[in-house]
Amino acid sequence: MTNNIEILLMVIAVNACVLGLAGTALYFLNRAVDPFDGSPQRRRPSSSAAAATATKGTEGG
Amino acid sequence: MHLIPQSWSHLHILVSVFPPVGFIFVTGFYIASLATRNDMMGRSCLALFGLLGVLAIPTYFSGVQSMEVLSQNPRISAEAMTAHYYWGLTALAVLVVTGAFALAQLWRAGKPSGQAVAAMLGLVGLTLILIVAADELGFAISHHELERVVPRAQAAIATPQVWSHVHMILNHVPTIGYMMTFVFYVIGLIANNDGLKRGALVAFVICSIVCVPTYVTGAAAMWALTVPPIPEISKAVINAHRDMALATMFGVAFTGATAWIELWRYRYIGRFSRISLSLVLVFAVITLAIMAETGHRGGQINHPEIRVTADGLPDDAGMFAAIAPTVRTLLWFVNWKVVDADGLSSAIELAINNVIWFVPWQTVHFFGFTMIFVTVLIVVLRVLGLWKSIPFSAVHRLLPIGLLAVLMNVFTGMLMMLADTYRYVVNDYTFAPKIVFIPIGATAVLYFSLSDRLWKVKAGEDAPLFAKAVAVLVLVCWAGVIACGRLLPYL
Chain A
6 MTNNIEILLM VIAVNACVLG LAGTALYFLN RAVDPFDGSP QRRRPSSSAA
56 AATATKGTEG G
Chain B
78 MHLIPQSWSH LHILVSVFPP VGFIFVTGFY IASLATRNDM MGRSCLALFG
128 LLGVLAIPTY FSGVQSMEVL SQNPRISAEA MTAHYYWGLT ALAVLVVTGA
178 FALAQLWRAG KPSGQAVAAM LGLVGLTLIL IVAADELGFA ISHHELERVV
228 PRAQAAIATP QVWSHVHMIL NHVPTIGYMM TFVFYVIGLI ANNDGLKRGA
278 LVAFVICSIV CVPTYVTGAA AMWALTVPPI PEISKAVINA HRDMALATMF
328 GVAFTGATAW IELWRYRYIG RFSRISLSLV LVFAVITLAI MAETGHRGGQ
378 INHPEIRVTA DGLPDDAGMF AAIAPTVRTL LWFVNWKVVD ADGLSSAIEL
428 AINNVIWFVP WQTVHFFGFT MIFVTVLIVV LRVLGLWKSI PFSAVHRLLP
478 IGLLAVLMNV FTGMLMMLAD TYRYVVNDYT FAPKIVFIPI GATAVLYFSL
528 SDRLWKVKAG EDAPLFAKAV AVLVLVCWAG VIACGRLLPY L
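Read top to bottom, the protein sequences are chains A and B.
Our numbering numbers the first residue of the first sequence as 6 and each following residue consecutively.
Our numbering numbers the first residue of the second sequence as 78 and each following residue consecutively.
So here's chain A without its partners, still in its complex pose (with noise of 0.2 angstroms):
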């Protein structure tokens, strides 16, 4: 017979690797579009190709 404990244990399990899985794919997926997220080079890219990336972005591309 299952228990209390062990559903809400199974429920935790579950949903955390679900979750995370999307989260981590989500993480990857906005770092492939977004030029302020991601890697150091991505992260700080010079004044101007940041401005002009945002200036895109905002018009939409």
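Read the hints as simulated data drawn from the structure, not as lab findings.
Model, not experiment: these values are computed from the prediction.
Beta carbons: idealized from backbone N, C-alpha and C, even for Gly.
Take these hints with a grain of salt, some might be off.
Stretches of chain A that chain B covers, calculated by requiring three or more beta carbons in the stretch to come under 8 angstroms of a beta carbon on chain B [said to hold, decoys possible]:
| # | region |
| --- | --- |
| 1 | 9 to 20 |
| 2 | 23 to 35 |
Keeping only pairs whose Cα atoms sit at most 25 angstroms apart, straight-line, the calculated DMTMM-like set for lysine to aspartate or glutamate is [to be verified]:
| # | chain 1 | residue 1 | chain 2 | residue 2 |
| --- | --- | --- | --- | --- |
| 3 | B | Lys312 | B | Glu426 |
| 4 | B | Lys188 | B | Asp116 |
| 5 | B | Lys533 | A | Asp39 |
| 6 | B | Lys188 | B | Asp212 |
| 7 | B | Lys465 | B | Asp539 |
| 8 | B | Lys312 | B | Asp505 |
| 9 | B | Lys312 | B | Asp497 |
| 10 | B | Lys465 | A | Asp39 |
| 11 | B | Lys535 | A | Asp39 |
Here are the in silico distance ranges between beta carbons for each label pair [claimed, not checked]:
| # | chain 1 | residue 1 | chain 2 | residue 2 | range |
| --- | --- | --- | --- | --- | --- |
| 12 | A | Arg36 | B | Val263 | 24 to 32 angstroms |
| 13 | B | Ala560 | A | Leu14 | 30 to 38 angstroms |
| 14 | A | Ile12 | B | Asn150 | 49 to 57 angstroms |
| 15 | B | Ile559 | A | Ile12 | 20 to 28 angstroms |
| 16 | B | Val239 | A | Ile12 | 34 to 42 angstroms |
| 17 | B | Ala560 | A | Ile12 | 23 to 31 angstroms |
We have chain A; now place chain B onto it with these hints.
Relative to the frame of chain A, chain B by itself:
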């Protein structure tokens, strides 16, 4: 697996499914080529129309030979065969004309005239109508289960055969659709044509989405064919088919998700990534192989005329025997006795009926639909005119949350459905509308990544009227999915 047909009937069944679904897909690409003025795409479509027209020859000869063999079978109605023959003959004649017209257009250099395009589309439409009519009459030849009258005493437990009918029609869309899309994709890669690549990625996503209702109608068809039992239909063959269908779902999820991500990413980068395109290609090849085996096993369920006597019918017995004891020990939660006897789907059914498995996946499902709805709501409200200070490209960035949530919910939903397929699919009034809303809503979301006009909507600007109509459709569909899902225990 027999990819090479072993009988005339088998060849006829295989070849005859290509023109109807193939025409739908090629027509989609043809219209896209006209809208985007993509000459390479247009010419590829004309070549494929021509190729599909050529298929009229093997379809006719295999059909005539099948008739000769089947006329000796007392269970096959001569009237049904005659009706199918005459409608089929008319459809094939028009198919040849359409194919020849397409090849003539291909031969002519330069841009086709408006009249030629209209004539092409008219011929395609006429061919499709005739082929669909001939196919419907073809079903009547050997699918006697569709006309089965269940005795009144058993009527309460019988599932309507309309599910089997819909499943037989739907399952050809992703299978043949994947093959046609694959051809366009390879042409796009070889010719380095971004329009073709983009079109093929969209078609891969649509094929993957259509697999959801295909799987669900398959589950209902299983009940329709097994309760009350039909003597010539084996549950073991159905179990083998649905285990491969489960593998297909994973294949299409990988292909569809990778294709969708590349479409989304293309918006920001403006070019395709070679790695992603290669990944889609690899996933598509693997998925096509799994689909072919799934289709073959499905065909074995109720086509005694295509069975090869020397081969046993497909079933799961022994299929999982090769799994090493160490792996079995590691996966302690799997009931290997059930897996070995009745296959993986049956083992999942048994496991998910236990509260310790059902509740965690149900919780994931709840997280999933909140993620989908929030993403949809934000994007849709911006398109409808709320938060005009935000450009559309900024809210478009959120769409991957929706994609990941849809993936989560398709698989958790499938697990929950497996816990009690009969109750969900057959006995609940709101499950069918929910499964209709999902593909419409998911396909409509593609528009947000495809429309150039919508992508250019800057801060302070209004979205085009058509985009607003699509946004309303998306919102209604996903609200419908949630409402129908919540009503499942009550209606």
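Can the restraint linking Lys535(B) and Asp39(A) be considered satisfied, given a maximum Cα separation of 25 angstroms? holds, 18 angstroms
Would you say the C-beta atoms of Arg36(A) and Val263(B) sit inside 24 to 32 angstroms of each other? Cβ of Arg36(A) to Cβ of Val263(B): about 30 angstroms, so the range 24 to 32 angstroms holds.
Is 20 to 28 angstroms a correct range for the gap between the Cβ atoms of Ile559(B) and Ile12(A)? Since the Cβ atoms of Ile559(B) and Ile12(A) sit about 25 angstroms apart, the hinted range of 20 to 28 angstroms holds.
Given the hint of 30 to 38 angstroms, check if Ala560(B) and Leu14(A) actually sit that far apart at their C-beta atoms. holds, 32 angstroms
Can the suggested window of 49 to 57 angstroms be confirmed for the beta-carbon pair Ile12(A) and Asn150(B)? holds, 55 angstroms
Distance restraint between Lys312(B) and Asp497(B), which requires alpha-carbon spacing of 25 angstroms or less: Holds, at about 17 angstroms.
Given the hint that Lys533(B) pairs with Asp39(A), does the C-alpha gap stay at or below 25 angstroms? Holds. Lys533(B) to Asp39(A) sits at ~18 angstroms (cutoff 25 angstroms).
What's the verdict on Lys312(B) and Glu426(B), does the C-alpha distance respect the 25 angstroms limit or exceed it? holds, 15 angstroms
Regarding Ala560(B) and Ile12(A), is the given constraint of 23 to 31 angstroms on their beta-carbon distance met? Holds: the Cβ-Cβ distance is about 28 angstroms, inside 23 to 31 angstroms.
Given the hinted pair Lys188(B) and Asp212(B), is their Cα-Cα distance within 25 angstroms? Not OK: Lys188(B) and Asp212(B) at ~35 angstroms, beyond 25 angstroms, violated.
Take the C-alpha atoms of Lys188(B) and Asp116(B), compute the straight-line distance between them, and say whether it is at most 25 angstroms. Roughly 8 angstroms between the alpha carbons, so the hint for Lys188(B) and Asp116(B) holds.
Okay, the region 23 to 35 of chain A and chain B, do three or more residues pass the C-beta test at under 8 angstroms? Our answer is that it holds, as 7 residues pass the Cβ test (under 8 angstroms) against chain B, meeting three.
The earlier numbered hint that this structure contradicts is number 6, and it is the only one.
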